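*Asks:* Each chain, letter by letter, is given below.
Protein chains: 2
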Amino acid sequence: MPEALEQDYSQTQLHEVTKALSSGMFVHVRRMLAHMPPCDIAHLLESSPHKSRTVLWQLVDPDLQGETLEELAEDVRNGIIAQMDPALVAAATEEMDDDDFAEVLRSLPDTVYQEVLGSMDKTDQERATVVLSYEEETAGALMSTDTITIRPDVTLDVVLRYLRLKGELPEGTDELYVVDKENKFLGDVQLATLLTKSPSLTVREVMDNESEAIPMSMGESEVAQLFERHNWISAPVIDDNGQLLGRITIDDVVDVIREEAEHSMMSMAGLDDEEDTFAPVVKSTKRRSVWLGVNLVTAILAAFVAGFFESTLGILPILAVLNGIVPSMGGIAGSQTLTLVIRGIAVGHINDANQRWLIGKEIAIGMLNGMIWAVLIATVVALWQWDYKLGLVIAFAMFMNLFAAGCAGVTIPLVLKKLDIDPALAGGVILTTVTDVVGIFAFLGTATYFLLP
Amino acid sequence: MPEALEQDYSQTQLHEVTKALSSGMFVHVRRMLAHMPPCDIAHLLESSPHKSRTVLWQLVDPDLQGETLEELAEDVRNGIIAQMDPALVAAATEEMDDDDFAEVLRSLPDTVYQEVLGSMDKTDQERATVVLSYEEETAGALMSTDTITIRPDVTLDVVLRYLRLKGELPEGTDELYVVDKENKFLGDVQLATLLTKSPSLTVREVMDNESEAIPMSMGESEVAQLFERHNWISAPVIDDNGQLLGRITIDDVVDVIREEAEHSMMSMAGLDDEEDTFAPVVKSTKRRSVWLGVNLVTAILAAFVAGFFESTLGILPILAVLNGIVPSMGGIAGSQTLTLVIRGIAVGHINDANQRWLIGKEIAIGMLNGMIWAVLIATVVALWQWDYKLGLVIAFAMFMNLFAAGCAGVTIPLVLKKLDIDPALAGGVILTTVTDVVGIFAFLGTATYFLLP
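Here the protein sequences come in this chain order: A and B. Residues 4 to 456 (the numbering used here) are what the first sequence spells out, left to right. Residues 4 to 456 (the numbering used here) are what the second sequence spells out, left to right.
You may find that some hints are simply not true.
As the list claims (entries may be wrong) - Here are the simulated lysine to aspartate or glutamate pairs, DMTMM-like style, with alpha carbons at most 25 Å apart:
#1 B/Lys286 <-> B/Asp425
#2 A/Lys200 <-> B/Asp275
#3 A/Lys420 <-> B/Asp275
#4 B/Lys420 <-> A/Asp276
#5 A/Lys169 <-> B/Asp211
#6 B/Lys54 <-> A/Asp355
#7 B/Lys286 <-> A/Asp355
#8 B/Lys200 <-> A/Asp149
#9 B/Lys200 <-> A/Asp160
#10 A/Lys421 <-> B/Glu19
#11 A/Lys420 <-> B/Glu19
#12 A/Lys200 <-> B/Glu171
#13 B/Lys22 <-> A/Glu225
#14 B/Lys420 <-> A/Glu277
No lab work stands behind these hints: they were computed from the structure. All values derive from a computational prediction rather than experimental measurement.
Kindly produce the complete structure, drawing on both the sequences and the hints.
*Replies:* In C-alpha cells form, the structure reads like this:
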C-alpha cells in the first residue's frame, strides 16, 4: 500500500528519535535509523545540536553513511567527516556521485585528504584525480559521468534491446545522448521518444539535434538559470572540442538554486550560507565576529562624525535626541534598493542595457521618498517640539539622506559587481556607512548653521 | 548541429533586442522575437523597463503569448495582462498548464475575470472552475492533471503498445501512475523501468508500491522540501480518498523553492518577493512606503526614549556623540541570529525538539559577544576620550544590548511563527525596536546614574 504523507510526517519522526536519544535508548534509535531513507537521516542530523549529532552518527548503519553524507549540508558534513576515520571516509565516498565525491574531497584538510586517498583503491584514486580537475562551482564540478550514449545510425529497436540488456538506467535519466565515433555530442533522445516512436526509425531520425549542451567551464549559477528557464531535468556537458563529458541533473541544480537564493540573505547578515544552525557556541561566535567587528568600525566612524558637532549638541541637546531618526530611515530606504538590485543581479535581470534606466529609477524613488518623509517628519517634530525651524532642519536632512540612500543603494552593488566583489556581502556595510555619515552630517551640520543662537 | 552555449548568450541577445527597440526597428525586433523560445522572451520582458515592456509585448507572436505568460514572474505578468484584451487573455490561457492557468485567473481583478471567463468556451470554463477549487499555495494548486495512468494487471507489452499509440507523453513525464478501477493510486512505474524490464512482466510485478503520494491539501513549501529531500522529478497528488488527482513536476517546485528562498530576503527589507525590479517609480515608492512608515514609528520611539535623558545629554554631549554605537551593534548581532533562525524555520530544521537548545545557544552567543565587544569598545572609548568611567559605562551598555539582541533574535521569530505571523516580514522591525530601546536606555541610563556630576 502506498502511504499518504502526513503534513508533519518527518517532524513526528524527528521528535521520536530525539526523545529516544535523550532517554539513552540507543538500540531503539539504531533500529529507527535503519528504517529511514538517507535523505531523512540527513535532515535529522541537520536538525540536531552538534552533540547529539555525533551520537546519532555512530548509530547510522555504515552501509547508509555514504549516501547520508551525500545528502548533508556542507557545514554539517564537514563536521562529521572531521571525526571519522580516514578509512571509513574512503569507504563512504566509494558509492558517491562524482559531484558529491569531489565536494567531500575538497572539504578535507590536506593531511586528512592524503590519508583518505591512501585508503582508496586504484580506481577511486584515479576518479579522485579526474573529479578534482574541474574547477569548483562550474558545470564540470556539478556533473556526473554516468551517461548512456548511443550512435545516430542505429535503429530504436537496437537501442531498446541494448537498454533491456543493461537492466537499469542511472538515476534521473530522462534522455540518452547521441555521440559520433569521436564521442562528439550530436543531440539527445528522450526516454519518452523511445517509448512513443516506431522502433524501426533510426536514432538520427528522432533525435533532437537542436538541443543545447553546457560547456564544462560555465559557472554554476548560469547553469542553474538555464535549467530554471528551460525547465530541464538533465543536460549534457561538453568540453571545448564538443566531446560529451557527462550530464548535470536537476537535483544538483536545485541545491545550487537554494544555495544562491540563501546566499544573498545570509551574506547580507554577514553569515556564511552554509552556516550550521546547530553549530557549537564558540564556533558560531567566532564566525559572526568578523561582521560585528566591521560594523563597530562603521559605528565608531559615525560617532567620529557626530564628534565634530559636540559643542552644538551641548547647546541643543534636543538634536541628540532626534539624531538617530534620519540615519535610520536612510538605512532602511537604502537597503530596500540594495536588496532589490542584489536580487536582480542574482537572477540575471540586470545588464548593461537596462542599468542606466534602473539607476535613474532608484534615484527618482529616493527623491520622491525624500519629499514624502521630509514633510512627515517636519510635521511631527514641529508639533512635538513646537519648533518649526527644527522641523525644517530635520526635513532637509531627511531629504538629503533618502536621496543619498537611493543613489548609494543602486550604485554600490553595481560597482561592487564590476569589481567582482560580492554585493550581498559588502554592500550593506558600505551603504550603512554612507547613510549614517550623510544623515548625521546633514542633520547636525544644518542645525549648527541655522539653529545655533 | 547542437550549439554550445556561450556564457553571455542571452545577455548579448538581450542587448541586441534592446538596441533595435530603442532605434525603432520594430520589424527587426518582431523577427528576433519570433525566433526566441518563450522562456527567453519572458526573461527579456522581465529585464526591460515597463515602457519598453509594453512595446515588446505587442511585437510577440500571438501564438507564443500564452507560453510566454506562463514563464513570466507574477508581478510582470499581472502588469501585462492588465493591458490585454480579455478575449486575448482567454485565448492565451487555453494552452496553459493547470497551475499557471489558475495563477493567471486568480491574479485578475473581478470584473476582468468575468470578461475573460465570458470569452472562454465551455470546456475551458469548466476547467477554470476545477483549478480554482484548490486552495492557493497547496499541492492541489501546484499540480497538473495531464497524467498517464495504467492498470496493475496488464503486461508491460500492453503498456508499451498503448504509449506508442498515444504518440506523445505530457512534458516532464518520468513515471506512469498505477490506479485501480476506482482511480485509487496504487503505485508508479518509471519510464526507465518500462525500457529495461521484460515486456512479459505485469505492471504489478514491476511497479513501486512504496512510492509516496502527496495529499492535495499539503502546503507548497512542504511539497518543495519533499522534492528537495527525495530528489523527485515528479510526484502524484491524491485526494482524501486516495484517488489520483494529478501530478506535480519539478519545474514548478523549482519556482516554489526560488520564491521561498527569495521571500525571506525580500521580506526582511520590507519588499514583496514578486516585486518587479523594473516597475514604474510611483508604484515602487508606494509599495516601499509601508515599511518606511513602520520604521519611522520605531525611530521616533527610540528618539522618545532618548528624550528622557535630554538634560543628561545637555550636560555631557559626548554621550550624544557615542549614543549610536551600542544600538547599532545590537541591531547587527540580533539580525544575525534572526536571519539564521528564519532560514532554519524555512528549511524545516527547527522544531519543538531542538528549539530549547537553540534558544540556549543563541543566548550564550549573545553573552559571549557581549563580553568581547564590551571589552573592545571600553578600550577604544577610554583611550579616545581618556575617561575610563565612560569606557565602563559603554561596556556595560554593550554587554546588556548584545545579550538582549541574542534573546530577542532567537525568541521573536519563534514566537511570531507560533502566532502564524511571517517572521521574515515582522521580525526585523520588532528586533530593531528592542535593540534600539535597550541600547539607548542602558547607555544613557547608566551614564545618568554614574557620570553626572
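*Asks:* Look at each hint and say if it fits the structure.
*Replies:* Status of each hint after checking the structure:
no.: 1; hint: B/Lys286 <-> B/Asp425; result: holds (24 Å)
no.: 2; hint: A/Lys200 <-> B/Asp275; result: violated (46 Å)
no.: 3; hint: A/Lys420 <-> B/Asp275; result: holds (24 Å)
no.: 4; hint: B/Lys420 <-> A/Asp276; result: holds (22 Å)
no.: 5; hint: A/Lys169 <-> B/Asp211; result: holds (20 Å)
no.: 6; hint: B/Lys54 <-> A/Asp355; result: holds (17 Å)
no.: 7; hint: B/Lys286 <-> A/Asp355; result: holds (24 Å)
no.: 8; hint: B/Lys200 <-> A/Asp149; result: holds (20 Å)
no.: 9; hint: B/Lys200 <-> A/Asp160; result: holds (15 Å)
no.: 10; hint: A/Lys421 <-> B/Glu19; result: holds (21 Å)
no.: 11; hint: A/Lys420 <-> B/Glu19; result: holds (22 Å)
no.: 12; hint: A/Lys200 <-> B/Glu171; result: holds (8 Å)
no.: 13; hint: B/Lys22 <-> A/Glu225; result: holds (23 Å)
no.: 14; hint: B/Lys420 <-> A/Glu277; result: holds (23 Å)
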